[in-house]
Amino acid sequence: MSTINPASTPNALAHAVHGEAAHHELSFVRKYIFSTDHKMIGIQFLITTLLMLMVGGALALAVRWQLAYPWKTMPIVGELLFAQQGGQITPEFYTMLFTMHATVMIFLVVIPVLAGAYGNFCIPLMIGADDMAFPTLNMLSYWFMWPAIACFGTSFFVGGGPASGWTSYPLLADLYEAAPGSGWAQNFWLLGVTFIGFSSMMGSINYLTTIINMRAPGMTLFRMPMTIWGMFITAILQAFALPVLTAAGFMQVGDRLFGTVFFIPSGVVVNNAAPTIGGGQPLLWQHLFWFYSHPAVYIMLLPAMGMVSDMLATMCRKPLFGYKPMVYAMAAIAGLGFIVWGHHMFTSGMNPALGMTFMISTMMIALPSAIKTFNWIGTIWGGNIRFNTVFLNCVAFVSMFIVGGLSGIFMAAVPTDIYFHDTYFIVAHFHYVLFGATLFGVFGAIVYWFPKMFGRMMNEKLGKLHFVLTFIGFNGTFFPMHMLGIAGMPRRYADPYLHPYLEHLQPMNLIMTWFAILMGVAQFVLLANFAYSMFLGPKCGRNPWDANSLEWSAPSPPGHGNFDIPPVIYRGPYEFSSPLSGDKDFLMQTEPPVTDNVNDTPPEPDDTA
Amino acid sequence: MRYFWAAFFMFWPIVAIVIFTISPAMNWWFPGAGDPDSLTKGQSMTPLGVDIDNLFYLILIITSVVFVLTHIALGYVLFRGARDEGKKALFSHGSHALEVMWTIVPTGILIFISLYQLDVWRKFRVMSSFPEAAVEAPVAEVTARQFEWRIRYPAPGKKLQLKPQPDDLYTVNDLHVPTNRPVMIQLRSEDVQHSFFAPQLRVKQDALPGQVIPVWFEVTQAGHYQLTCAELCGWGHYKMKARIVAEPQTQFGKYLHDLRNEQNDDGVQDKKSGDADDE
Ligand code: HEM
Ligand SMILES: [Cu+2]
Ligand SMILES: [Cu+2]
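Residue numbers (this note's numbering), protein chains in the order written: chain B, 2 to 610; chain P, 0 to 278.
Just chain P, with the same shape it has in the complex:
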């Protein structure tokens, strides 16, 4: 029975490791591109997201090694204790050398992880290191409210202003962005706190009432991505479902044009502006 208990505590770490190993194949893993069968499944569609994934895998390797080693040690002492039951236990109050070792080694590892990741964080959040192209012309203002995402684009050829302009374009729960260039959005909240979470893009930023927070990302592959809310915002929190459509620059331009036409179309006048071409 003593050996049974020692084995009992070794059984579950093995199950845990097996589950982790099969998880990507079982699709219990990072969400990837829209196409569920694509080879890049589980891979982020933004360069910064790839950095985050790499950091995750690095930490996963380190922690897995620690997990395995500590559990082997635990298993060893348990089996030994099971075998030696009845013998008088070792009379030892500790070991200075061991203690020093297992203080210094983890310190080194933790300092390494700390320093290693600073750069990704800086790129993601520190305004002065945002890509210039993104900062110059934010593509849209995204305003969260209970329970939807409101999007405001500047009119084609114009720049996004802090205050709404008469020719601004509006959509709800549908954010279009151009691919293959850094884009920045201005994130706001109209009521309570929300959080802009695009899982496939590995982007998350809380929207704070009373504050405008810039968020940037670069989508490298055209497609439809999820946009959800990650901060409890009321009973309908789970319903804040929206999409991010990433498309090549030309298509994005066309999208804005169409949006403007649609918005300016009062249904009475003929479409006499130059864009009305498909008659």
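Chain B with its partners taken away, still in its complex shape:
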């Protein structure tokens, strides 16, 4: 690993360029807590989401416990948590568990770790800006996560916890009588989602402004790394889709607290209460919810796709295969992503003709996904691969994404979805894309950008151990879910074995649970590696991976204001192994051209403004 010695940069130059901005010392609180520095905010997001990952994982293990050993006392925690029920998980508690598992994982882990942590950390550094366009807004976007965490946390403890799944379908979610005990919990849950929405929205506006306005001289749109494209398109998705969810959430709050009956039809008798007086339509919620939540699944994926593209190219020492098609594919996914929401509603009772159009658009969205997959394989092809933790996690991303994409086709075909809807086949599908793809991508990204965050490398041995354990645990847990789905096991059942046709599946569930436990334990390896390397890992220079993009030309970790030498960009980020690079196999975006090369152009005059 060749490193550029940071000492080689004349300090004097750095000071001259950055003047006083780089200088004034910040108090501890302003530096580490209420920081407006995008790097610190990114790190705050990262650490928060990693902790939330452990919380969400613990909830998942409790769900798995019940599926493996229904109604059996949970060891250790059982006595502690539900002593009053004899250490058993009750059906109400089970409902709360899977609801909160999904909520934590989606709203507090996957979305904020991508857009919040890596969006924040990478965007200014990779486009050559000294910070975000709106640093204070940025800080608020992190701190708005905490009211959300507080609300979700509160909803755990008031009454029986929210009981309508992360999809929160009315009327179950709308009427207090429908889920006794979950009254205020559901209100807090909705409030939490709203706060998280504010947080994402602030981030999204900030990212859009920053990427559009603050690119360094020479950083044209088509010289941006895929990570930035992923973040950019994600921010667009958020800006357009989120208001719909927020509105829908307020409508549900209205129904619950003020009798607005947006979703409540008349004459519904729940739990022997008086018939409702309504005129609303429960399907309206599903339309609004999925109008956000389908784009949201891409919000949970596109940034990871971008990061994996960058990491793969770097670790294979090869230009990304088909850069522009990759960008167009991402844009196509985003565009089509807005017209496929109905594929979650094929059996809901909406107009069957509408189902057909949603089917066709859903089939079409598989296409750009396929193109991207082929391009990743093309990127690895002919590479001079460095088989390190980063690379392994990225290959896992590709391999798992193939499975998730292919299972999507079964569900995009409406007749087969009639059978698969709301079975474990769906659960298998989205875990392959969200965990198999996105989270492995994130695990890669943690190792990849760690040196830039903390100026130290993570431990390779522990990294590989974590990878192997997680990979085995993941597949052992989630692959059999395809089988459960084919066998017709519905999701969200506290005790599937009550039904004779599912009885024989218990041994399989038991094995899956043990794989899940293995996977849970493996995450401690990650945490240990993270904490250890943060303080004791080997120090590194500016560019430990010999990568091309801008962040690697800044010091590790970059100081306040990021770049000691204002970057000027001459080429795209993927010129690995170029014949022009001499004996190195990389050519940084900032390196001035040595020969006359058509691809290396100095910035346009009007770019420099």
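Because the hints were derived from the structure by calculation, they are not lab data.
Treat the hints with care, since some could be wrong.
In silico PhoX-like links for lysine-lysine, alpha-carbon gap of 25 Å or less [claimed, not checked]: (1) B:Lys-585 to P:Lys-87; (2) P:Lys-162 to B:Lys-325; (3) B:Lys-73 to P:Lys-240; (4) B:Lys-73 to P:Lys-238.
We have chain B; now place chain P with the ligands onto it with these hints.
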């Protein structure tokens, strides 16, 4: 070690394929008829269900081919990369021809699947193409509520009306239907959303409060089938266990008669109606 990692990523797809291959034999597969040892295990008991199964197998073949090919390609590039470590990588930004190929081929396949399946969907859901025999005389109204299925049959010889009639017959969690003819039920919900899911029949339809949704199917083999709920409806969601009893028309008729007798029997009067025969 480099080869080890390349092999590592080839190992799991092989395991995955093995698991898929043995799954039907291990009974990790579609639920079939009531008799677990029958040869038709895993086969749907409705013609439309058979269509769905066939579509599933078609997609399974296509996706398996794609899965295998992409993983072979992945394995190839990994082994090659492992072998060539240290050599300078290929300097290539992509290939226009390849890109065009791998855009057009999947497009073709996806369009084919899209068009191919439309017909099954039309038969299942589009009201105007429901079989006439089924639409004319719905056998029952099924009302989901927390946490049971309530069934209302019209009295023998009468037609099902939207509003309950005084001579209607009621049961809970026990739906009888005649075999070998298309039958239609009217699906409703009394409280929250539920979903009518009969796994062996490959039928699923959400029950929406405030709406009556017609569902049709044709059971070709007499027997007992499961009826479960597939939409989260509260803490007792998993308990919404019911059965569908498919029986020949004559037996079904007799069932309704018996049900009427039972329901009209107030335990005081003698059974003087013509049906009281077994005294
Ligand atoms: C190849 C492209 C894809 C296709 C064709 C596809 C298709 C579908 C369909 C039809 C459903 C609804 C199934 C049902 O509930 O009956 C679904 C559910 C889902 N998909 Fe995908 N999908 C694709 C990719 C993705 C990706 C990339 C993600 C996320 C990163 C994703 C996340 C989800 C989630 C979270 C659900 C379930 C939501 C829930 O019901 O809780 N999908 N997908
Ligand atoms: Cu979707
Ligand atoms: Cu239910």
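Hint check results:
1. B:Lys-585 to P:Lys-87: 10 Å, holds
2. P:Lys-162 to B:Lys-325: Measuring from Cα to Cα gives roughly 61 Å; hence the hint is violated.
3. B:Lys-73 to P:Lys-240: OK: Lys-73 (chain B) and Lys-240 (chain P) at ~22 Å, within 25 Å.
4. B:Lys-73 to P:Lys-238: 18 Å, holds
Checked against the numbered hints above, the structure violates only hint 2.
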